[in-house]
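Residue numbers for the sequence shown follow full-length UniProt numbering, beginning at 1 and rising by one.
Treat the hints as calculated values from the structure; they're not laboratory data.
Cβ atoms here follow ideal geometry from the backbone N, Cα and C, with glycine treated the same way.
One should not assume that every hint holds.
In silico BS3-like links for lysine-lysine, alpha-carbon gap of 30 angstroms or less [said to hold, decoys possible]: (1) Lys100 - Lys112; (2) Lys163 - Lys139; (3) Lys223 - Lys209; (4) Lys125 - Lys138; (5) Lys138 - Lys112; (6) Lys179 - Lys209; (7) Lys139 - Lys112; (8) Lys131 - Lys163; (9) Lys138 - Lys179; (10) Lys179 - Lys139; (11) Lys96 - Lys179; (12) Lys138 - Lys223; (13) Lys161 - Lys125; (14) Lys123 - Lys138; (15) Lys138 - Lys58; (16) Lys223 - Lys201; (17) Lys209 - Lys168; (18) Lys54 - Lys201; (19) Lys163 - Lys138; (20) Lys112 - Lys58; (21) Lys139 - Lys201; (22) Lys128 - Lys116; (23) Lys209 - Lys161; (24) Lys223 - Lys161; (25) Lys58 - Lys100; (26) Lys209 - Lys174.
Ranges between beta-carbon positions, derived for each pair [stated by the list, open to error]: (27) Val99 - Gln190: 29 to 39 angstroms; (28) Asp178 - Gly28: 22 to 32 angstroms; (29) Phe17 - Lys123: 43 to 53 angstroms.
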Amino acid sequence: MATTDNVIETEVYTSRFLVVASGENSQGTIPDIDGLDSYGGEYIHSNQYENGRKFRGKDVLVVGCGNSGMEIAYDLWNWGANTSIVVRNPVHVLTKEMVKMAMIMLQYLPCKAVDKITVAISKLKYWKLSKYGIQRPKKGPFHLKETSGRSPVIDVGTISKIKSEEIKVLPGMKCIRDKDIVFTNGETVQFDAIIFATGYKSTVRNWLKGSYETFDEEGMLRKSFPYHWKGRNGIYNVGFSRRGLQGISSDAQNIANDIYSNTTVALGFNN
């Protein structure tokens with residue numbers, strides 16, 4: 001769409017099919033925290049983070065203990081920042097080798113068995129992480145990945161720095177007062193900067209007209225897996241199942257096969 005001398009020019013495209021592929025992670029989200037608007041330091045979402053160079057010697061808080069948060073915390077420490085990380089929810093911590101091994105085992109064993117083996121190895125490697133403020137979920141890492149899209153954390157060296165107290169673990173944030181951050185345990189700490197590794201959200205309802213029936217308030221499909229990918233009137237949806245790359249691949253194949261089937265039938269090539 002373009003505007004010339006107050007005349008709006010609109011381009012119109014027609015198609016039998018529309019594939020909505022903007023996904024569940026279109027826009028970075030920052031939680032609504034009391035006092036954030038008046039924060040006296042710098043705060044950014046993790047998608048704006050480049051490296052820790054400019055944070056050298058500063059007190060920096062990373063909010064979020066997923067892969068992005070843990071990797072950013074480690075990078076900040078490497079650049080000489082005084083780093084703390086908010087760990088609010090339970091999380092599985094694995095090594096890259098554990099994940100590779102589990103991927104092979106999942107081809108031959110049930111997910112429940114692979115989870116038991118993987119968690120046992122993780123406990124041998126990291127011992128009691130609860131001692132350092134990190135709780136393990138009750139459900140296994142690959143069960144969680146399959147059912148909710150939550151990935152285990154692949155440790156890049158952050159855990160050793162947490163154990164040595166070079167990276168400090170803090171609980172959830174309660175409120176902000178200038179540069180002072182009050183945590184749910186009553187502790188108050190001052191930080192120069194906050195990096196929110198707090199995930200992403202879908203923006204499909206912002207641009208797809210008539211999408212409210214199909215997508216809920218969070219921009220996720222109202223239809224549940226495995227029937228989520230096919231909408232009405234030739235609209236298809238890929239990447240909204242919270243099942244990671246495997247789910248996206250499955251959606252894409254289902255959509256491609258369905259479009260091919262509908263096209264060949266319409267053209268009379270089904271014989």
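_Of the numbered hints stated earlier in the document, which are not met by this structure?_
6, 9, 10, 11, 15, 17, 20, 23, 24, 25, 26
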